[in-house]
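Asks: The task is simple: from the sequences and hints, build the whole structure.
Heads up: the sequence shown is residues 1 to 211, going by my numbering.
Just so you know, these hints were derived from the structure itself, not from any lab. This structure is a prediction, so every number in the text was calculated from the model and none was measured. There's no promise every hint is true.
Dumping the calculated DSS-like pairs for lysine-lysine here, alpha-carbon to alpha-carbon at most 25 Å [stated by the list, open to error]:
1. K152 to K84
2. K30 to K191
3. K84 to K117
4. K205 to K66
5. K205 to K4
6. K66 to K191
7. K4 to K191
The calculated label-pair distances, taken between Cβ atoms and stated as ranges, are [to be verified]:
8. G157 to L10: 18 to 28 Å
9. K117 to S94: 16 to 26 Å
10. E96 to A51: 39 to 49 Å
11. S103 to A71: 21 to 31 Å
12. I105 to K84: 21 to 31 Å
13. A2 to V54: 41 to 51 Å
14. S103 to L19: 16 to 26 Å
15. V54 to S11: 14 to 24 Å
16. I169 to E37: 18 to 28 Å
17. I105 to Q75: 31 to 41 Å
18. E29 to A2: 16 to 26 Å
Ideal Cβ placement from N, Cα and C applies to all residues, glycine included.
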Amino acid sequence: MALKRLPFDLSIIAETFKLERSDKCEHLEKWINQSYEFTESEQKLLDEVHAEMVESSDYLNEEEIKIRLIAPLFQIANIDEENKVRVFYERSLSAEIDEYQLSVICDCMVASSTIFKTPTHPYFFLQEFKKAKGEKRDPEAQMLVAMLAAQKANNDGQTIYGGFLIGSIWRLATLVNNTYCTSRQLSATNKEDLKQIVSTLRHLKALVLNV
Numbered sequence: 001m002a003l004k005r006l007p008f009d010l011s012i013i014a015e016t017f018k019l020e021r022s023d024k025c026e027h028l029e030k031w032i033n034q035s036y037e038f039t040e041s042e043q044k045l046l047d048e049v050h051a052e053m054v055e056s057s058d059y060l061n062e063e064e065i066k067i068r069l070i071a072p073l074f075q076i077a078n079i080d081e082e083n084k085v086r087v088f089y090e091r092s093l094s095a096e097i098d099e100y101q102l103s104v105i106c107d108c109m110v111a112s113s114t115i116f117k118t119p120t121h122p123y124f125f126l127q128e129f130k131k132a133k134g135e136k137r138d139p140e141a142q143m144l145v146a147m148l149a150a151q152k153a154n155n156d157g158q159t160i161y162g163g164f165l166i167g168s169i170w171r172l173a174t175l176v177n178n179t180y181c182t183s184r185q186l187s188a189t190n191k192e193d194l195k196q197i198v199s200t201l202r203h204l205k206a207l208v209l210n211v
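Replies: Okay, here's the thing in structure tokens:
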């Protein structure tokens with residue numbers, strides 16, 4: 001019997017997998033309530049990203065956002081750890097849950113890495129979209145599908161982290177068992193929000209490596 005496929009629709013995904021939303025999101029709060037001091041070179045790059053977002057965020061396409069915003073922020077966050085954890089782009093992920101086949105191309109993924117730079121144990125997913133969310137391309141729904149697939153594949157009961165990006169606006173998320181939580185909106189055109197985004201991404205490394 002062929003496996004069923006779900007549309008990238010939040011309501012259908014939540015109903016199918018009995019997901020709940022909660023105001024008590026200790027895993028999300030533990031992740032995002034972090035602050036780090038940046039080196040002079042890191043601050044310089046962060047200022048350059050901020051200036052680019054203020055001037056150009058309304059005009060960049062998705063690939064330009066990835067190159068000019070996402071990649072530099074992950075560079076500042078300094079997540080990569082040789083043969084342990086690494087940032088990957090445009091990687092596919094799939095899993096079978098009950099009678100459903102879940103599959104998605106991950107715009108950005110943080111995962112364990114083999115010596116051949118292959119992702120093996122995913123922890124975090126980021127999906128992006130240039131404009132407003134819509135039925136055909138909802139980055140939050142794509143992110144949630146990736147998180148569910150990782151939860152099934154990892155099968156270790158650990159928190160799955162995520163984020164979705166619409167233009168310059170970020171939302172961060174956690175999935176613990178069937179409880180899904182999202183943060184407030186964070187704008188890459190706001191300096192303090194941008195620093196929080198990078199600090200949150202940097203803290204991800206400590207969480208997944210338990211250091």
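Asks: Evaluate each hint against the coordinates.
Replies: Verification of the supplied hints:
Straight-line distance between C-alpha atoms of K152 and K84 comes to about 21 Å, which keeps the hinted pair within the 25 Å bound. Our distance criterion of 25 Å between C-alpha atoms is met by K30 and K191, whose separation comes to about 21 Å. For the hint pairing K84 with K117, the CA-to-CA distance comes to about 10 Å; that is within 25 Å, so the pair holds. Taken as a hint, the K205 and K66 pair is honoured in the structure, with Cα atoms around 20 Å apart against an allowance of 25 Å.
For the proposed pair K205 and K4, the alpha carbon gap of about 35 Å is over 25 Å, so the pair is violated. Under the criterion of a C-alpha separation no larger than 25 Å, the hint pairing K66 with K191 is consistent with the structure, at around 19 Å. This hinted pair does not check out: K4 and K191 have alpha carbons roughly 44 Å apart, beyond 25 Å. The given range of 18 to 28 Å is respected by G157 and L10, whose C-beta atoms sit roughly 24 Å from each other.
Between K117 and S94 the Cβ separation comes to about 20 Å, which falls inside the hinted range of 16 to 26 Å. Checked against the hint of 39 to 49 Å, the C-beta distance between E96 and A51 comes to roughly 45 Å, which is consistent with it. As the Cβ distance of S103 to A71 is approximately 24 Å, the hint placing it in 21 to 31 Å holds. Checked against the hint of 21 to 31 Å, the C-beta distance between I105 and K84 comes to roughly 24 Å, which is consistent with it.
Against the hinted window of 41 to 51 Å, the Cβ-Cβ separation of A2 and V54 comes to about 49 Å, which satisfies the hint. Distance hint check: the CB atoms of S103 and L19 are about 18 Å apart, consistent with the given range 16 to 26 Å. The hint said 14 to 24 Å for the Cβ distance between V54 and S11, and at roughly 35 Å that hint is violated. With their beta carbons about 26 Å apart, I169 and E37 fall inside the hinted range of 18 to 28 Å.
Between I105 and Q75 the beta carbons are some 22 Å apart, a value that contradicts the proposed interval 31 to 41 Å. The beta-carbon spacing between E29 and A2, approximately 41 Å, falls outside the hinted interval of 16 to 26 Å.
The structure does not agree with the numbered hints 5, 7, 15, 17, 18 stated previously, though it agrees with the rest.
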